[in-house]
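*Asks:* Residues per chain, in single letters:
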Amino acid sequence: MKRNHLAAPYIVWMALFTVIPLGIVLYYAFTDSITGAFTLANLAGMSTYAGIFMKSVWLAIIACAICLVLGYPVAYFIATLDNKLTQRFLYMLVMLPMCISFLLRTLAWVALLDDTGIINDGLVKLGLGALPLARNNAAVVLGMVYNYLPYMILPLYTVILKIDRRLVEAAEDLGANGTQVFTKVIMPLSLPGIISGITMVFVPAISTFYISQKMGSSGTTLIGDVIESQFKAAYNPNLGAALSLVLMLMVFACIALMNKFSDGDDEEVITL
Amino acid sequence: MKKANGIFTGVILLFLYIPMIVLAVASFNTGTDIATWEGFTLSQYAALFKDGSLLPLLRNSVFLALLSALIATVLGTMASIGIFTMKSRARKIVMAVTNIPLTNPEIVTGVSLALLFAFTGTLLKIRGILGFTTLLIAHVTFNLPYVILSVMPKLSQMDGDLHDAALDLGCTPVQAFFKVIIHEILPGIISGALMSFTMSLDDFVISYFVSGSSFITLPVEIYNYTKKPLQPKIYALFTLLFAAILLAMVVMNLIQARDMKRKAAEHSALRGRRRAA
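Heads up: the sequence lines are chains A and B, in that order.
Residue numbering for the first sequence follows our numbering, starting at 1 and increasing by one per position.
Residue numbering for the second sequence follows our numbering, starting at 273 and increasing by one per position.
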């Protein structure tokens, strides 16, 4: 049995449905929506959306930072538990929310935070005034943090689990205090997990459109919303393709930059 | 320190489950507004099973997830074995392409496939090309990398001599392939298949761009719903799904706990006997 022919169907599949579609995105990005002639107008129009691009990057960075700060202690706690059963159970508890439709979970947050939502109803009943909890940037970031936090915790958990306990003991024996053990041993060793966690949160956060639609308002339009509307409302696929192209290049540039900080070979971490 | 960290973990877990609590409570509400509690009822559950508008969509989603996971698992496993025997340069190129759907934002994957289908549609003059086939192609495409990345590590862990040993001991190449290679990498194949199934079942973004009105999955329909008032029976459906997954998890954990206890008991019994002898 010739084993190297086994990859042939896959290679054909990926050429047809991954490489060629990206070529078609390029084609649409550089052609006019009506005449089909070559044009740079779509890409030149990007400057109109510079503000929205910036905002998407900014909110995604904030969401990443919050996820890291919240996710690291959780991953560390679960990964260093001595009881393997509790460890497995907590790990599954972190995974479980991802099995439930993220659309519905986001809607539940809207129900909680809306002007006439559950929290504000409670506040009004207590005699306190209602707070503007939803339809702003903070709500969009909350939606991102909520939805993507498990993506941060899981790679961190996998990496911290693999850290050799004896290294920590050795550092302690050699006189390092708790803070030093963390900054000199644990942190550097969990760097690949941090990098892949950030990537796994950043990519969906920068390109989301559902969260910003539901948790935000017209003032929180993100790049994903603009792309979505080019295909589902305004129907200008050429502009949509140009926006997608820029988004993709931005994401790849960010990932390349991130990978410079780690030693590369972290495929395993990304897929868990 | 450890204790504070434990409490913090508890708070974060609670945060992750807040929406589930809201959905579960809403499923027992007599009113239709998720944010206003009016009274307890089970009628949403009755409505869910009586009128069959949601269950067929769930069936669509499950069918699509099963079929796309099956195709991706077979293609992906074959591909992994093939890629594994490739020369390092060819292997690098194929793995780089494999990483594209993993790193690309979902919306870009969705848009690129939608454009491909639109392009093919105008080229072949097919109207309404978006449907089951386009959804299936898209799902297989985003599932394939997950299968490959869970099978490949098992291949590198495998002892290459096992296959030769099987051949020496009289296996035909086909027997050696199934009895040795497939057997050795089976855990990777299973985890790839499971991952594909879950990814596909819950996918919204890519499905949204490549599905037409002829075949709709549950997540896409929920998105369409959210433009009109949501039917409360959808909360009932998700509370049931959530309860089922949670139950399966707890049962799995209990079985593992029993196994571990039994193993520990056997171990200490064995040690005791050894000491006696």
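Among the hints, a few may not be true.
Distance windows between CB atoms, simulated [stated by the list, open to error]:
(1) A:Gly127 <-> B:Ile527: 47 to 53 Å
(2) B:Ile279 <-> A:Lys184: 45 to 51 Å
(3) B:Ala276 <-> A:Ala44: 39 to 45 Å
(4) B:Gln528 <-> A:Ala8: 56 to 62 Å
(5) B:Val297 <-> A:Ala15: 47 to 53 Å
(6) A:Ala15 <-> B:Gly484: 37 to 43 Å
(7) B:Val446 <-> A:Ala253: 43 to 49 Å
(8) B:Ala276 <-> A:Gly219: 35 to 41 Å
(9) B:Ser428 <-> A:Ile34: 51 to 57 Å
I should point out that these hints are in silico values taken from the structure, not numbers from a laboratory.
For each residue, glycine too, the CB sits at the ideal point set by N, CA and C.
*Asks:* Each hint should be assessed against the structure and marked as holding or not.
*Replies:* Here is what the structure says about each hint:
Between Gly127 (chain A) and Ile527 (chain B) the beta carbons are some 51 Å apart, a value that agrees with the proposed interval 47 to 53 Å. A beta carbon spacing of about 26 Å between Ile279 (chain B) and Lys184 (chain A) contradicts the range 45 to 51 Å that was offered as a hint. The hinted window of 39 to 45 Å between Ala276 (chain B) and Ala44 (chain A) is violated, with their beta carbons roughly 54 Å apart. The given range of 56 to 62 Å is broken by Gln528 (chain B) and Ala8 (chain A), whose C-beta atoms sit roughly 40 Å from each other.
Look at Val297 (chain B) against Ala15 (chain A): about 49 Å separates their beta carbons, and that is inside 47 to 53 Å. Take Ala15 (chain A) and Gly484 (chain B): their Cβ atoms lie about 25 Å apart, and the range 37 to 43 Å is violated. Checked against the hint of 43 to 49 Å, the C-beta distance between Val446 (chain B) and Ala253 (chain A) comes to roughly 47 Å, which is consistent with it. Here the CB-CB span from Ala276 (chain B) to Gly219 (chain A) is close to 38 Å, well matched to the stated 35 to 41 Å.
With their beta carbons about 52 Å apart, Ser428 (chain B) and Ile34 (chain A) fall inside the hinted range of 51 to 57 Å.
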